[in-house]
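If you read the sequences in order, they're chains Y and S.
Note that the working numbering gives residue 459 to position 12 of the first sequence, counting from 1, and the numbers run on in steps of one.
Note that the working numbering gives residue 681 to position 19 of the second sequence, counting from 1, and the numbers run on in steps of one.
Just so you know, these hints were derived from the structure itself, not from any lab.
A couple of the hints might just be wrong.
Stated by the list, open to error - Quick list of simulated restraints, FRET-style, between CB atoms:
(1) Y:Glu599 to S:Leu826: 36 to 46 Å
(2) Y:Pro747 to S:Arg664: 51 to 61 Å
(3) S:Ser857 to Y:Gly467: 52 to 62 Å
(4) Y:Pro799 to S:Gly790: 27 to 37 Å
(5) Y:Gly704 to S:Val796: 48 to 58 Å
What you are looking at is a predicted structure, and each value in this text was computed from that prediction instead of being measured.
No residue lacks a Cβ here, since even glycine has one placed at the ideal position from N, Cα and C.
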Amino acid sequence: MTKPIIKVRNLKTRFFTEMGQVNAVDGISFDINQGEVLSVVGESGSGKSVTGLSLMDLIDSPGQITDGEIWFHHPDLAAERGAADDAVDGEFVNLRSLHQKARRSLCGTELGMIFQDPGSAFHPALTVGEQIGEAVESRRRIARGEDYDVKEMLLDLCSLRSSFVSDESYDEAIGLLEQVDIPDPIDRADEYPHEFSGGMLQRAMVAQALASDPAVLIADEPTTGLDVTIQAGIIDLLRELQADTGMSIFLITHNIGVVSSIADRVAIMYGGKFLELGPTDRVFEKPANPYTEGLLNCLPDPTDATNIIEPIHGNVPSLLDHEMPAGCSYADRCPAVTEECTETNPSLQPTPETANHLVACIHAETAESTTTFPVATTTPSVLSDGGASADE
Amino acid sequence: MREEVQFFVSRSLQGIVVIWGIITAVFMFRFISPTNPARLIAPDDASEELVRAIEIDLGLNDPILIQYVSYLTGVVQGDLGFSYSTNTPVRGRIIQVLPATLELAFAALIFAVIVSIPLGIISATHRGTKIDSVANLTSLGGVSTPNFWLAIMLVLLISVQLGLLPTSGRPIGLGEGIRMLIFQANIGGLTTWLSHMILPTIALGTYFMALLFRLTRNGVLEELGKEYVLAARGKGLPNPLIMYRYVLRNSLTPVVTVTGLQLGGLIGGSVVVEAVFAWPGIGRLFITSLNLSDWPMMQGVLIIVGVGYVVTNIFVDYINSSLNPQVELA
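Please model the entire structure based on the sequences and the hints provided.
As structure tokens, then:
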């Protein structure tokens with residue numbers, strides 16, 4: 448039942464700045480299963496958003512994906528390229544070895560993205576309907592295999608219509624606005640982003656991502672900056688849409704409340720690495736990594752006034768290559784730190800009770816797995832739900 | 663539509679106030695001048711009586727307020743007075759030389775825009791490469807080269823040394839060239855016009871081109887970092903479309919503003935270039951009048967340039983508001 452749709456192996460994204468090399472994503476591996484919500488939780492600066500942008504291939508100079516593979520389940524493309532191709536493994540295609548054009552055409556058709564701040568992710572001078580219409584139109588054009596280059600654009604500009612978005616696409620955009628429960632979609636489509644409220648604009652953002660009809664939706668902090676009631680609305684909407692379309696959602700957030708209400712599995716990210724990965728209930732009930740525990744202790748409990756919030760002291764480590772500690776990146780903030788922690792860099796290992804609950808901590812009890820975390824292109828079963836769970 | 667009408671009406675009313683201010687200021691300038699126009703007009707050996715008579719004839723002995731009111735009523739009716747040196751209507755003389763200046767100003771404007779905007783885009787998208795460095799260096803040169811020096815160097819190199827283009831003058835206007843083409847099927851008029859246009863256009867437009875290049879490059883660089891550009895790529899939009907619809911649109915706002923301001927500047931600021939190329943335009947007219955203390959002529963020129971500024975600025979505001987819906991027409 449749980450087949451992966453994206454398999455990420457040893458992904459490394461670096462930024463080459465004047466300060467030095469920043470290891471924003473430092474060799475992470477995970478699967479996103481079909482129809483699941485995988486959530487990545489972590490503090491600001493832990494590399495969550497860069498992970499999402501890497502999946503979309505939206506990393507700009509001075510950043511670069513330097514290593515790793517992103518295998519995407521795309522039987523058509525795999526068949527088209529043939530099994531002999533290095534970039535093909537069964538029904539999976541390695542996005543990293545695709546040409547830029549083929550790669551780009553997957554954004555907007557198979558992969559969609561919701562951005563953190565809809566106020567800045569919509570162009571202020573174009574109406575919302577137009578912008579969603581563009582997403583619909585570009586999906587349609589890619590599906591028809593049409594090229595759109597400077598020549599086509601100039602022809603468009605010279606023609607009387609001089610518009611990229613066809614009427615059908617605009618109508619579909621109105622339909623999408625309706626689908627995300629925006630009242631009066633026909634009128635709202637003709638309004639500019641600054642005429643929308645924050646919650647409504649985030650809904651429009653969701654509609655824009657849906658325009659691509661994505662197999663995987665990458666949601667980068669979709670609820671940050673919204674009122675609690677509106678947050679709940681957006682989460683409900685995402686859950687509904689996921690149930691309707693069967694897409695997978697890669698949810699980036701720092702809000703644990705949001706995670707527990709929607710995510711099937713959760714990954715705890717810190718210092719460019721995953722410290723823990725497993726089913727949401729399992730991770731939150733029995734956190735195996737001290738950092739996860741620390742995060743949970745930061746959660747206030749509104750029903751219990753005596754509940755003491757324990758902040759994690761210190762700051763997120765610098766991701767600069769030359770400043771990164773040799774051992775565990777969490778070592779200097781960790782309450783359970785030992786000397787060994789500062790020397791050994793832990794890798795994700797399955798916990799004894801649940802095989803699909805992985806933890807990266809040398810003090811955590813781990814199953815007697817003899818090998819370290821596999822980085823090969825073959826699917827390690829423990830990475831996805833599909834692996835035999837010990838508690839089932 | 664109603665908004666637009668309202669905008670133009672209210673801005674025109676404001677414009678009228680500004681123009682009234684210009685006329686008043688220009689009128690006041692005359693009283694700073696130490697020269698007595700009557701003496702300039704009169705022959706060198708004229709008697710005091712003759713000078714007095716001319717003064718009375720010109721109305722110079724009237725109270726200032728009366729002179730002011732009569733000048734203002736004249737201007738409102740389109741009468742800019744008579745030239746002291748030629749005793750012909752100022753308006754007629756300005757209308758005669760205005761096309762030469764307008765042609766030159768627009769040519770310089772078009773040259774600057776056509777070169778600077780694509781260059782700015784290329785430079786910004788190839789940031790840090792050789793193309794960018796060369797373009798930056800060129801624009802630095804363009805901004806820091808005085809246009810009279812550039813004009814002289816162009817003439818020396820291209821006209822005198824290479825003999826490719828004529829050194830100066832404007833033997834034929836654009837309108838005349840077109841008329842020759844249509845009625846006599848003779849393209850010679852237009853080519854003559856063009857060959858005389860090229861050097862003054864480059865001399866006048868280079869500074870402006872370099873300025874617009876910098877504005878475009880910075881604007882595009884800033885826009886490229888915006889999240890909506892990332893979002894546009896994320897939804898699969900083709901690159902040229904992102905560049906046109908998402909990046910250029912916002913980065914052009916300062917370009918349009920400066921273009922409008924500079925157009926007025928090009929009309930008024932072509933004085934030096936016109937002098938170098940013996941261009942029979944409004945700038946040269948102004949210099950000649952200045953040398954002769956021909957106040958009515960100078961006043962007329964200043965008023966026309968001022969009106970040009972005001973009108974172009976109204977249009978610039980209008981274009982800006984249509985580029986950006988957040989700027990409301992007001």
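*Between glycine 704 of chain Y and valine 796 of chain S, does the C-beta distance stay in 48 to 58 Å?*
Hint holds: Cβ distance 55 Å, inside 48 to 58 Å.
_For the hint 52 to 62 Å, verify it against the beta carbon of serine 857 of chain S and that of glycine 467 of chain Y._
About 57 Å separates the Cβ atoms of serine 857 of chain S and glycine 467 of chain Y, which means 52 to 62 Å holds.
_Within 51 to 61 Å: is that where the Cβ-Cβ distance between proline 747 of chain Y and arginine 664 of chain S falls?_
holds, 54 Å
*Could you see if the CB distance from proline 799 of chain Y to glycine 790 of chain S stays within 27 to 37 Å?*
violated, 52 Å
*Does the hinted range 36 to 46 Å hold for glutamate 599 of chain Y and leucine 826 of chain S at CB?*
Since glutamate 599 of chain Y and leucine 826 of chain S have Cβ atoms about 39 Å apart, the given range 36 to 46 Å holds.
The earlier numbered hint that this structure contradicts is number 4, and it is the only one.
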